[in-house]
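Asks: Listed below, chain by chain, are the residues.
Protein chains: 2
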Amino acid sequence: MSTTNIKEVAQRARVSVGTVSNVLNRPEIVSPATRKRVFDAIRELGFVRNEVARHLRVGRSRTVGLIVLDVANPFFADVAQGADALADEHDTMVVLCNSAADPARELRHLDQLEQQRVMGILITPVDASSPRLAELAARGTPVVLVDSAATGLQCSVAVDDRLGGHIAGVHLIERGHRKILFVGGPRSIKQVGDRHLGIMSAVSEARDTEPGGGVEPGGGPGGGVELVAWFMPALSVTHGRIAGERVAALPVEERPTAAFCANDLLALGFLQAMAAHGLRVPHDMAIVGYDDIDFAAAATVPLSSVGQPRELLGRTAIDLLLEEVAEPELHRHRQVIFQPDLVVRQSSDLHRSPP
Amino acid sequence: MSTTNIKEVAQRARVSVGTVSNVLNRPEIVSPATRKRVFDAIRELGFVRNEVARHLRVGRSRTVGLIVLDVANPFFADVAQGADALADEHDTMVVLCNSAADPARELRHLDQLEQQRVMGILITPVDASSPRLAELAARGTPVVLVDSAATGLQCSVAVDDRLGGHIAGVHLIERGHRKILFVGGPRSIKQVGDRHLGIMSAVSEARDTEPGGGVEPGGGPGGGVELVAWFMPALSVTHGRIAGERVAALPVEERPTAAFCANDLLALGFLQAMAAHGLRVPHDMAIVGYDDIDFAAAATVPLSSVGQPRELLGRTAIDLLLEEVAEPELHRHRQVIFQPDLVVRQSSDLHRSPP
DNA sequence: TGATCTTTTTGAATCGACTCAAGACACCGA
DNA sequence: TCGGTGTCTTGAGTCGATTCAAAAAGATCA
Chain V
0 MSTTNIKEVA
10 QRARVSVGTV
20 SNVLNRPEIV
30 SPATRKRVFD
40 AIRELGFVRN
50 EVARHLRVGR
60 SRTVGLIVLD
70 VANPFFADVA
80 QGADALADEH
90 DTMVVLCNSA
100 ADPARELRHL
110 DQLEQQRVMG
120 ILITPVDASS
130 PRLAELAARG
140 TPVVLVDSAA
150 TGLQCSVAVD
160 DRLGGHIAGV
170 HLIERGHRKI
180 LFVGGPRSIK
190 QVGDRHLGIM
200 SAVSEARDTE
210 PGGGVEPGGG
220 PGGGVELVAW
230 FMPALSVTHG
240 RIAGERVAAL
250 PVEERPTAAF
260 CANDLLALGF
270 LQAMAAHGLR
280 VPHDMAIVGY
290 DDIDFAAAAT
300 VPLSSVGQPR
310 ELLGRTAIDL
320 LLEEVAEPEL
330 HRHRQVIFQP
340 DLVVRQSSDL
350 HRSPP
Chain W
0 MSTTNIKEVA
10 QRARVSVGTV
20 SNVLNRPEIV
30 SPATRKRVFD
40 AIRELGFVRN
50 EVARHLRVGR
60 SRTVGLIVLD
70 VANPFFADVA
80 QGADALADEH
90 DTMVVLCNSA
100 ADPARELRHL
110 DQLEQQRVMG
120 ILITPVDASS
130 PRLAELAARG
140 TPVVLVDSAA
150 TGLQCSVAVD
160 DRLGGHIAGV
170 HLIERGHRKI
180 LFVGGPRSIK
190 QVGDRHLGIM
200 SAVSEARDTE
210 PGGGVEPGGG
220 PGGGVELVAW
230 FMPALSVTHG
240 RIAGERVAAL
250 PVEERPTAAF
260 CANDLLALGF
270 LQAMAAHGLR
280 VPHDMAIVGY
290 DDIDFAAAAT
300 VPLSSVGQPR
310 ELLGRTAIDL
320 LLEEVAEPEL
330 HRHRQVIFQP
340 DLVVRQSSDL
350 HRSPP
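For the protein sequence lines, the chains are V and W, in the order given.
Position 141 of the first sequence, counted from 1, bears residue number 140 in numbering that gives the first Met the number 0, the numbering being contiguous throughout.
Position 217 of the second sequence, counted from 1, bears residue number 216 in numbering that gives the first Met the number 0, the numbering being contiguous throughout.
It is worth saying that the hints were derived from the structure and are not from the lab.
Among the clues, some could well be false.
Identical chains blur together in the list; that is why a pair holds if it fits in one copy or across any two.
Derived SDA-like pairs (lysine to any residue); straight-line CA-CA distance at most 20 Å [unchecked claim]:
id, residue 1, residue 2
1, Lys6, Gly139
2, Lys35, Phe46
3, Lys6, Val57
4, Lys6, Thr237
5, Lys6, Gln114
Starting from the given sequences, assemble the full structure and let the hints guide the process.
Replies: This is the structure in structure tokens:
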């Protein structure tokens, strides 16, 4: 162990421990000569300040926990990067934890972070209404919900997922699709539900305004728009592929002509399955993903996707947290909501598709 | 702050602090009746053990730092996932830090982790020979190099990058390419250099064994294999695209017929640029990437790539670290090296390409 | 030179949990 | 009733850095 402590430094520099502490924390109040002796001793002994002891004494940590649903999802990597960047400017460390959308893992991480008395926790919860989150806040660890709206008990940053789903739905309907598949993840994930609600609302609006038929070729004979939803067990490339294979196996007349996937990983897997089964995208099957991760643009067929300000989500979350920590009394919880925007690429754009 | 401490619990349960500590750490030595009283008090007060104080006293943390070059690169996400999984089994927490290939950021993270007295550090260093790493180990924080071979001063897990580069080179040469471009990242990154050396060795072997001409159509008129190397400032999709654009701008006769990219992000960007400039892959330009991330298979043209056992790297690193921590005396540093393997997909496979 | 004010330095108390030698207690047989 | 044997419980001391009232050292001026 790095066993050199402040006491040894004090001895070698022939000063008291109080002075060493002052050099470390408020060097300007120490006389230059003494300061130099202490710095020399520190260097000679290779002293490294024990942050654990410091933290115990001052009671406040410079560490923030960030719990995400899936570290391997570039969406969260970008959120983390945004958070990290801003935290860094405030000399604060972000520790990234992966819940893998598993409530038990999430709970373990929450326990660990609370036990470590972190400054606060940013979390994309598996279940935002879990009493655990309220307890944390009540016991003094501020929590900011990320990519998930809070209800006033804590701060949150999110993107309007219903709007995102709606935009995607409107887009596909405008392109003439009359039988649409929604490929979701676990129902327990709020984002999945909201995106589903969003496309549902787009579909029902379409039914209301144009009861008789479609505006463009490709509409079904009866005119009404049909929406089917599948909820896969995970928001992963693998489960997207599984969904795609299931779709490909359907008889043509039952098969939807477009799929809206709850995230880009699902969409990429779905796309792979289409290619594997000889279905052309977007001609036989249009696809719209969600998150607009960098890989979406680089897919087999460049993927249309509902984009979110990923890094900004992370930055804003840190910002809210620092604000709360700085003035716990004055602080009013806020819910920041960003707008998603659809990036149309080839996977849903019939005009650019091969004949 | 969560201000309830062991003393309050002791008061409420009408026992001493020692007994509460025993309940927490060695419940079996406490009589069932007392144990229950203590557990009740803990529950009623919402007591959460202060890991900071515990750590200060026992001197050993249950946290491991993992510093990677780029959190947004799925390769590292997978390594992290592997590490996390094994650490979890040993009731240990992995905190993920991003150096973004910046030595200053790396240093800051190393400082922070050492100050926090973590159990150990897994790192993919920007510069493996940095004296800082040796200092850390000397002062008692074990270090395991990840994806980078050590020289006996510490443990390491790596994949043979020269072999990987060699395999990729041999593959491209066999496919008849006689003018090959190596797209690297910063020269300072060891992996980039090794992969370059690998393909260089493949090229020079090809020159030696077949000085007069190629084995397959497509060889240059003079027969020799030519290798050009570009070193981009980052291993990112963006810089891959920039490299691709630069290549596309070359006159056909000067343009290489194949590119070996130092990682898949570069390769995906490069691929996008080809598509944007109407160059067909693999017909006009074959591409081989590195890492075989999940997105490689889902690219515009499925990407050939040199695969690495990503999660195994992470697991093994944790394994080595835990071994060292468990028996610091007996421990002998080990260098574990895995073999890469080439996954051939459409991007480098002329036989499946369009006429 | 002594009084007064300012700048530095000191060191014991503190944060919260853990350790362990020592004490309290229960039970048994004589 | 007493000593012996195990089983539980106790609480002062400890980990390392910070704090802050108080002491010491230095500076200034009459």
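Asks: Could you place Lys6 and Val57 in one of the four classes (within, between, both, neither) given a Cα distance threshold of 20 Å?
Replies: both (18 Å within a copy, 19 Å between copies)
Asks: Is it within, between, both, or neither for Lys6 and Gln114, if the alpha carbons may be no more than 20 Å apart?
Replies: This pair counts as between: shortest inter-copy Cα distance 16 Å, intra-copy 28 Å.
Asks: Regarding Lys35 and Phe46, is the shortest C-alpha distance of 20 Å or less found within a copy, between copies, in both, or in neither?
Replies: within (15 Å within a copy, 44 Å between copies)
Asks: I want to check one pair: Lys6 and Gly139. Are their C-alpha atoms no more than 20 Å apart within a copy, between two copies, both, or neither?
Replies: between (33 Å within a copy, 19 Å between copies)
Asks: From the Cα coordinates, with 20 Å as the cut-off, is the pair Lys6 and Thr237 best called within, between, both, or neither?
Replies: So Lys6 and Thr237 fail the 20 Å test inside a copy (56 Å) and across (51 Å) alike.
Comparing the model with each earlier hint shows a violation of hint 4 alone; every other hint is respected.
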